[in-house]
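Take the sequence shown: its position 683, counted from the start at 1, is 932 in this note's numbering, and no numbers get skipped.
Hints may be right or wrong, so weigh each one.
Claimed, not checked - As a list, the in silico DSSO-like pairs of lysine-lysine whose alpha-carbon atoms are at most 27 Å apart: (1) Lys850 x Lys717; (2) Lys309 x Lys373; (3) Lys383 x Lys373; (4) Lys602 x Lys559.
Please keep in mind that the hints were generated in silico from the structure rather than gathered at the bench.
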Amino acid sequence: MSNMQLDTLRRIVQEINASTSMHESLDIMVNQVAEAMHVDVCSIYLLDERNQRYLLMASKGLNPESVGHVSLHTGEGLVGLVGQREEIVNLDDAPKHERFMYLPETGEEIYNSFLGVPVMYRRKVMGVLVVQNKDKQDFSEAAESFLVTLCAQLSGVIAHAHAVGNIDVFRKPSNLPAYKTFQGVSGSGGIALGRAVILYPPADLSAVPDREADDISEELALLDRALNAVREEIQSLDDKMQDALMAEERALFSVFLRMLDENALPAEIKSEIRDGNWAQGAVRIVIENHIALFAQMEDDYLRERVADLKDLGRRILAFLQEADSSHRELTDESILIGEEISTAALVELPVDKIAAIVTTEGAMNSHMVIVARALGIPTVVGVTELPINTLDDVEMIVDAHQGRIFINPPRRMRTRYKEIQKEEEQIAKDLKQYETKDSITPDGVAVHLYVNTGLMIDVVRGVQRGAKGVGLYRSEIPFMLRDRFPGEEEQRAIYRQQLSHFANKPVVMRTLDIGADKDLPYFSIEEENSALGWRGIRFTLDHPEIFSSQIRAMLKASIGLNNLHILLPMVTSVSEVEEALYLLDRDWHAVQEEEQVKINKPKIGIMVEVPSVLLQIEEFAELVDFFSVGSNDLTQYLLAVDRNNPRVANVYSHYHPSILRALTRLVQECHKFNKPISICGEMAGDPLSAILLMAMGFNTLSMSSSNILRVRKAICHVPMSDAQEQLDRVLKMSNPLMIKSWMEYYFKTHGLADMVKSSTRIVGA
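Work out the full structure: start from the sequences and follow the hints.
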């Protein structure tokens, strides 16, 4: 495909994505394709599955009155042939083909050549794209390639319309099917049953028209009153969350207030008003201009900031319209549903009445998800096909353990999930006895359970549940919750809180690990493959000023406590560690001289998450004091699978034999060189896999505070000899499902059935 064709394709796709409705998207497409390919006709037929017919949805060249009315059965005509074969049909004289079906209302009898391409989504035909010409001549391979590529782009848009009911051919009856399942990505685990509450914006920016101001002074006064009201509202939200979140965790509200500073957004809005636009139109123009700038950057965290901008604009507009921006009263079983839910929108609601959160957009490390996780709210994001417009007050089950949403679940499933909720509540009560117990196997082997932290609430819960230290402090979270890089003294105060809460216990602080799905709102990293790009230590070594500022803050925070350990993320090569150690040593000497105090040199470790490290343990062991496995990234890199992608979620499994065998060899290597090794990530917090890790020789496991008591109970009930026997058995297995099933069977037959994730025990769930 030529560069010109690629540019044309990009332009068409961009215009489709920018359109406001599916019908508009289809009209844009047929007109643009007809113009780009210089063809007489371009038409799109979409499949109505209920009636098994292809409906003409848009056309350039055919009789306009036939659009939306003409249809063919899936076994009729050339369109039906394309759908049946699921392949291209290219004819120079279509009327002579045995499957040609004459439709007089379309006026297509004058067209001879025909090229039909199926629109496929996940191996399923969604429709057929057709181009036609009067001339009797086959279409070229370049034309075929162009349409195939376009259809691949179009399929996702149509599938989304299919799911959310935004196009007539897919309009569903008012009552949804009795039972339907949707898959997303788990942001915060848990189970919830309840009814959907759709979070619609309090005011619709896109619906505001441009209008000449009758009185510019009056419009400016209206704006000032609205801005003051929004400032008061945001300050009230900030005050409301002071007990639940730390200052840095409420930083978004400060960002909002700075955006409302007279020299920021208000100045631009007032400029628009002085140019003659009314206040509401001026707000829309300024907010949309800023949104357009961020949206062009194709960055996960910046897209989240787009949501925040929209939220702020809607708040201003709501006061201008004197609209009631309050949401309907929530019940105790309210499941919040939205395309995107901002942190501000979340915390202004009664948190104790939110059973779960589900969004069609978002990432598992977004600001909203981090807060939801800290508040213990089950959350599923990225449910792209969820039909939001049809779900208000619909009964739902959210299984956030597995990222699944059940719409109008059958009675048997509701009953079973209610039983599971009661079981989990009872399990939580029973587990409280393990808060004060040590993690020691029946045959006397001690395993240290540490907590992963990032927010202050993680620390509080970790201490409460008897964590013996912090195995992973995610230092990037305070960076993510600000609109700028925090200064050295700011960092020092944050790190001191973490270290002092675990005085006399080790605290492993990972240096800044941004990139992939953990971008900073003020430092965009745009890459085609961010998971393998400029992240972790690669970023910080390229910015030694940021690295040194963080190291200095950590060292100063550790004065008098001496429990600091420093962990380097995303290490690939020995040279990276050597360079980092040089900077660490330099900063250690400098801080001691500045502070005039002796500081014990912290132990330095590296994360084992890049597979190359597995083959260089001996070289790394000469440089570092300890190793820590990042099981989430190591698993996705070894299996070449994105754990945030619902399409390949079934491939991602820490029970994969390659993962278990690699970790077994890794522990043996570390022990050979007398280096401590720990593990953090989902694998450590899963009681089933934790027993296997214990058997391998990991004597330190670090996990979310919510998993500590479950894992401790499992350790207290499984002798090391039994664990090693199970490890030997599963290492001979070749299927991850078989391995997991075997461990579930072992737990159920040894008095630990309650430690098996409840939702996995539902057939068909």
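Comparing the hints with the structure gives:
1. Lys850 x Lys717: holds (21 Å)
2. Lys309 x Lys373: Given pair Lys309, Lys373 holds - Cα atoms ~26 Å apart, limit 27 Å.
3. Lys383 x Lys373: violated (31 Å)
4. Lys602 x Lys559: holds (25 Å)
Violation of the numbered hints given earlier is confined to hint 3; every other hint is satisfied by the structure.
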